[in-house]
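Throw the hints in and build the complete structure from the sequences for me.
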Amino acid sequence: MAASAWRRLALLLMLVTASAQAEIPADPLQSPAWRYLAQRYFGEAGVVFDPRVKLLLPVSAENPLSVPVHVDARALAEVREILVFADLNPIPVILRYQPGAQAEPSLGFRFKVQQATPVRAAVRTGDGQWHLGGAWIDAAGGGCTTPSLGTGSGLWKDHFGEISGHLWPRENGVQRLRLRVIHPMDTGLAGGIPAFYLDELQLQNGKGELLAKLQGFEPLAENPLLSFDLRNAGVVRVLARDTQANQLRGSVAP
Amino acid sequence: MRSLPVLLALLASLTALAAGHEYHLNGQKLADGVYVFVGAREHFSRANGGNIVNTGFIDTTEGAVVIDSGSSRLYGEQQRAWISGHSASRRIARVYITHAHPDHFLGSQAYAEVPQYALPATRASIAESGDRLSDNLYRLVGAAMSGTQSRTPNLPAGEGRVLIGGRALQLIAGSGHTEADLAVYDEASGTLFAGDLVFYQRTATTPNADIPRWLAALQRLEAIPYKTLVPGHGPVVQGPEAIAQTRDYLRWLQSTLQEAARKGVDLPELFEQPLPERFRDLALARVEFMRSAEHLYPALELDTLQGQGSH
Ligand SMILES: [Zn+2]
Numbered sequence: 001m002a003a004s005a006w007r008r009l010a011l012l013l014m015l016v017t018a019s020a021q022a023e024i025p026a027d028p029l030q031s032p033a034w035r036y037l038a039q040r041y042f043g044e045a046g047v048v049f050d051p052r053v054k055l056l057l058p059v060s061a062e063n064p065l066s067v068p069v070h071v072d073a074r075a076l077a078e079v080r081e082i083l084v085f086a087d088l089n090p091i092p093v094i095l096r097y098q099p100g101a102q103a104e105p106s107l108g109f110r111f112k113v114q115q116a117t118p119v120r121a122a123v124r125t126g127d128g129q130w131h132l133g134g135a136w137i138d139a140a141g142g143g144c145t146t147p148s149l150g151t152g153s154g155l156w157k158d159h160f161g162e163i164s165g166h167l168w169p170r171e172n173g174v175q176r177l178r179l180r181v182i183h184p185m186d187t188g189l190a191g192g193i194p195a196f197y198l199d200e201l202q203l204q205n206g207k208g209e210l211l212a213k214l215q216g217f218e219p220l221a222e223n224p225l226l227s228f229d230l231r232n233a234g235v236v237r238v239l240a241r242d243t244q245a246n247q248l249r250g251s252v253a254p
Numbered sequence: 001m002r003s004l005p006v007l008l009a010l011l012a013s014l015t016a017l018a019a020g021h022e023y024h025l026n027g028q029k030l031a032d033g034v035y036v037f038v039g040a041r042e043h044f045s046r047a048n049g050g051n052i053v054n055t056g057f058i059d060t061t062e063g064a065v066v067i068d069s070g071s072s073r074l075y076g077e078q079q080r081a082w083i084s085g086h087s088a089s090r091r092i093a094r095v096y097i098t099h100a101h102p103d104h105f106l107g108s109q110a111y112a113e114v115p116q117y118a119l120p121a122t123r124a125s126i127a128e129s130g131d132r133l134s135d136n137l138y139r140l141v142g143a144a145m146s147g148t149q150s151r152t153p154n155l156p157a158g159e160g161r162v163l164i165g166g167r168a169l170q171l172i173a174g175s176g177h178t179e180a181d182l183a184v185y186d187e188a189s190g191t192l193f194a195g196d197l198v199f200y201q202r203t204a205t206t207p208n209a210d211i212p213r214w215l216a217a218l219q220r221l222e223a224i225p226y227k228t229l230v231p232g233h234g235p236v237v238q239g240p241e242a243i244a245q246t247r248d249y250l251r252w253l254q255s256t257l258q259e260a261a262r263k264g265v266d267l268p269e270l271f272e273q274p275l276p277e278r279f280r281d282l283a284l285a286r287v288e289f290m291r292s293a294e295h296l297y298p299a300l301e302l303d304t305l306q307g308q309g310s311h
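Chains S and R supply the protein sequences, listed in that same order.
So in the UniProt record's numbering, spot 237 of the first sequence is number 237, and the numbers just go up one at a time.
So in the UniProt record's numbering, spot 201 of the second sequence is number 201, and the numbers just go up one at a time.
The set of hints was computed from the structure by calculation and includes no laboratory data.
A couple of the hints might just be wrong.
No farther apart than 20 Å at their CA atoms in a straight line, the calculated lysine to aspartate or glutamate pairs in the EDC-like style are these [as the list claims (entries may be wrong)]: (1) S:Lys54 to R:Glu272; (2) R:Lys263 to S:Glu171; (3) S:Lys213 to S:Asp199; (4) S:Lys54 to S:Glu104; (5) S:Lys54 to S:Asp27; (6) R:Lys263 to S:Glu104; (7) R:Lys227 to R:Glu187; (8) S:Lys157 to S:Asp186; (9) R:Lys263 to R:Asp303; (10) S:Lys54 to R:Glu269; (11) S:Lys54 to S:Asp138; (12) R:Lys29 to R:Glu187.
Computed from a predicted structure; not experimentally measured.
Here you go:
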């Protein structure tokens, strides 16, 4: 083969390699863990950074045990799933949310942060595409390896599993649901305390039809306080389960 | 070895870095024997070395009465050196620490042999969390903190009038910015060192705040016939404007958070809340409002959920 043909082949190979790498877009947050996490969570599926995924969170964590986050993907159609993770946390995934047809693709929660890290909401739409929003949060740290605070207070002994909540009517037939479950949410990373956390929470309407489903992970803050926007009227039933198979029940009436 | 001078120069600059930070403290005279060191209206940074705070001193025939020792050992040392060079007494009589926030007490090592006073709850708080606050400031400020260790004031201060070296000082024991907030009033000059009960042109901070108690403390300060007021952060004033601004902001903050909780707003949604025109030019308005929401909202939002559910 002539030298020019070799050069053409080499160029072609470079182009192929480049386009294979381009499937994971460059990270605007420049996280050291981005490529690894993107491969792990999104695999072959397409990923784009999308300003329509709004993630509200503090610039710096005032309380590393309870960092408030609100995800709003209502600007996207056909949202099937929202995955939230913090790149540099010892356990990155915080939660997975699957809003049904009667739930808005938005939610609020609190999580434990171990060090400064990007926090991301990945939103999967009906076409299989992932849309990402995110921001860095600064933190003094220690949120994941610090024992839960209520341990000594008797709160869990007397009130474990209690669910309290409230519904607020909003515009366009949407109700804001806020609820709190009394649970230690132990990560298993604090010395001598095994992991113990809520791993499933379902919201149902009064007829028992599923409105939305949330899968929880270790970094969710203790006594989870969650916010949802639901397009149903009337009572919302809450069914939750933790990693020790405790079944928790509650209901919130307007 | 031609590179030796280069190496030595490098070593010298590294040593200078390790040695920390030059604060360029320059006391500003407010009245006879009364001085203030005015800090930057900023958040902690490597550039300001933690000097975001107003400290000061009142000179007496027994020595200077220092009000707050600043943010680091180096700050305290440089503050002490300036006072020794510029006071008539050339001595230090005592130190008052206004409250248990790190920018106000971490310079106390420079006054190791001097009696140091603080309100009982301030002493307890420094003893309990001084090391943690100091560690966090290292993270934010870096080299300027070198050699700094938390030191708990060794003597209790209390409400009332004290006579030191021919000067009458009134100690006002308030609370609300933290669990215990000391203000010091010099009768002769009419100077009120308000500590962090008063902020001016710099947004108030609330990591340990109780707003109703804070508002009550402001009412007490307002009754003092001061001629000059030194806020904990921000420029010195002669009139009522600093107290008025602090109260206006705290009231707005409280009612804004209460109203949001009543409407079921999620905490981070508050971060987008527009600020009223009159607060927009305060230093750090947006970031301090966000921090305050994190400090104060959790208690308010839980109230809206209580007793609503069942299990
Ligand atoms: Zn303070």
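Hints and how they fare:
About 12 Å separates the Cα atoms of Lys54 of chain S and Glu272 of chain R, which keeps this hinted pair within 20 Å; it holds. Taking the CA atoms of Lys263 of chain R and Glu171 of chain S, the gap is near 12 Å; set against the 20 Å cutoff, the hint holds. Restraint check for Lys213 of chain S and Asp199 of chain S: the C-alpha separation of about 11 Å stays at or below 20 Å, so the hint holds. Taken as a hint, the Lys54 of chain S and Glu104 of chain S pair is honoured in the structure, with Cα atoms around 13 Å apart against an allowance of 20 Å.
For the suggested pair Lys54 of chain S and Asp27 of chain S, the alpha carbons sit about 16 Å apart, so the restraint of at most 20 Å is met. Of the supplied pair hints, the one linking Lys263 of chain R and Glu104 of chain S holds, its CA atoms being roughly 18 Å apart against a limit of 20 Å. The straight-line distance between the Cα atoms of Lys227 of chain R and Glu187 of chain R is roughly 10 Å, inside the 20 Å bound, and the hint therefore holds. Restraint check for Lys157 of chain S and Asp186 of chain S: the C-alpha separation of about 15 Å stays at or below 20 Å, so the hint holds.
Between the alpha carbons of Lys263 of chain R and Asp303 of chain R the distance comes to roughly 12 Å, so the proposed pair stays at or under 20 Å and holds. Under the criterion of a C-alpha separation no larger than 20 Å, the hint pairing Lys54 of chain S with Glu269 of chain R is consistent with the structure, at around 11 Å. Distance hint between Lys54 of chain S and Asp138 of chain S is fulfilled; the C-alpha atoms sit about 19 Å from each other, no more than 20 Å. The straight-line distance between the Cα atoms of Lys29 of chain R and Glu187 of chain R is roughly 16 Å, inside the 20 Å bound, and the hint therefore holds.
Checked against the numbered hints above, the structure breaks none of them.
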